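Line order of the protein sequences matches chains R and H.
When we follow this note's numbering, the leftmost residue of the first sequence carries the number 1, and every step to the right adds one.
When we follow this note's numbering, the leftmost residue of the second sequence carries the number 1, and every step to the right adds one.
For the record, the hints were derived by calculation from the structure and aren't laboratory data.
Among the clues, some could well be false.
[Unchecked claim] Distance ranges between label pairs, derived from CB positions: (1) H:Ser44 with R:Phe158: 18 to 26 Å; (2) H:Met139 with R:Lys50: 40 to 48 Å; (3) H:Arg135 with R:Phe158: 32 to 40 Å; (4) H:Thr28 with R:Glu53: 23 to 31 Å; (5) H:Cys3 with R:Asp79: 43 to 51 Å; (6) H:Arg51 with R:Pro74: 37 to 45 Å; (7) R:Glu45 with H:Ser145: 19 to 27 Å; (8) H:Lys8 with R:Lys87: 33 to 41 Å.
Because the structure is a prediction, the values reported are computed rather than measured.
Heads up, the beta-carbon is just placed ideally off N, CA and C, and yes, glycines get one too.
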Amino acid sequence: MLDTQRVDNGINQSIHTVVGSALTPSSLVSSENKEGAMGNGKAAEAEMRKSFETEALVHMHVLYNSALYLTRDPTKAEDIVQETFLKAFRFWHRYERGTNCKAWLFRILTNTFINRNRRKQHQQESMDATERDYSSALVSENSSFYESPESTYLGQLFPQHIRDAIESLPENFRVPVVLADLNDFSYKEIADIMECPVGTVMSRLFRGRKRLQELLFDHAVETGIIRVEDARDEEGTVSLEAYRERRKVVGLD
Amino acid sequence: MNCFDIQKSLHVFIDGEYAETERHEVETHLDACPQCRRRVDRESTFIGAVRAHAPVESMPPSAAQRLFAVIAAEPAPAPVIVAQRSWWGRGLISPRGLALAATVIVGVGFGLVAARGGADDTERIATEAIASHTRSSPMEVRGSSRQVLAYLAANVPFEVELPFDGQADVRLVGARLTRVDGRDAVLLHYLAGREPLTVVQVASRDAGTPPAATTEEPRVYSENGFDAVTYRRRGVVSSFVGSGRDGRLPALVRAAWRP
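Can you make the complete structure from the sequences, with help from the hints?
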């Protein structure tokens, strides 16, 4: 049975949908009432800007903080935060009001950061395994690193050391560590933000934190918080850094 | 759960990412195993110390002012209309062939019915597919179709389908794992002639619905000058994005679509 009318309506016309629950019928400009349309347009814009301010811009400080860790430079950080909010503003209709705005913004920020870095020719931070002076087993077995926080390294974890350590992580590790430990996102949220599977997130986060431990341990030995003599693993091998320290102390270098 | 299992996934436990039953299993083990207990305590202490002592910076007031100014100066975007055209409408309708029109009615009717349940789902996927196409991400796997399929199959919880297997002039360049609409997904990168063609595939959200409802005809979603031809089959949504200028996309997707 041919219903030509239905065929015409269904096929020849475009089925228009307005994207996102944010837009209400009143914000669509009606061609019938031009005067009303103008009023509607202005009111709609004001409403949109207000909601952007209260829902999105409110996250600017946490975004800036993370951008600083990622870019390692205040100018670059401001730059990508601006670009992030501009993109967010242009695609505000795409965001579902009341859902996870912070995660949505971080997704834009992370993509912006990664794309910018990709354009750089040389990799400044390709730290490979051989650069490590010591094994991670050494770190986890060292009791002075962990026990009684008040008197040992972790209790004296100087904030600047942590920043330096996070900032020197390779990008692949830095991003999940920033997302998990500076922002408390869940694995699923991080996966959505980084656009990779949850398994990848877990692996990179684990390795990133391990690398962080090693860096901070190295710092602890360097600054003398952990005594050089204690920087020795079960086999009796000493970390390279600790070895250097000992040589300095004894006056060989 | 033994010590090896616990050690492999210390952070999953510490981050509170385990479900109820698994977490209980770990806790039971920790109650009985001082070594693992110590390991967990140390890792917890370390992560906690980093979180507590990592310096926090606020945006300087001058930078904040500049940001507000930039946003204020940005024109408010016009409400974006996403045109959802049934793909049958792409110049197919002509007076000739009642038989053709008859099939079309069935097609449209079916398409409309199916679309109601899953429209939001496929639309979001189409949007993300368009975004993925314009952002060139590195491939994780290259090689023969078999190698690519093997890699993808091992990493996603749905059956990946390579839509252009055996089609001349459409070459699979590589693939990567990605995340679309809150789920693990795959991105296939093809070259149709010399034009890049992106296919994003992800499992439908609606598990447990009758098979008929997990099939949805190809629909065209347009945004930002790109078309994403998207269909759902056997519970998997595939979204095809080609170059904005390439008129071959509907024909290619038609070839790939075999209900």
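Hints, one by one, checked against the model:
no., hint, in the structure
1, H:Ser44 with R:Phe158: 18 to 26 Å, "holds (21 Å)"
2, H:Met139 with R:Lys50: 40 to 48 Å, "holds (43 Å)"
3, H:Arg135 with R:Phe158: 32 to 40 Å, "holds (38 Å)"
4, H:Thr28 with R:Glu53: 23 to 31 Å, "violated (49 Å)"
5, H:Cys3 with R:Asp79: 43 to 51 Å, "holds (48 Å)"
6, H:Arg51 with R:Pro74: 37 to 45 Å, "violated (23 Å)"
7, R:Glu45 with H:Ser145: 19 to 27 Å, "violated (50 Å)"
8, H:Lys8 with R:Lys87: 33 to 41 Å, "holds (38 Å)"
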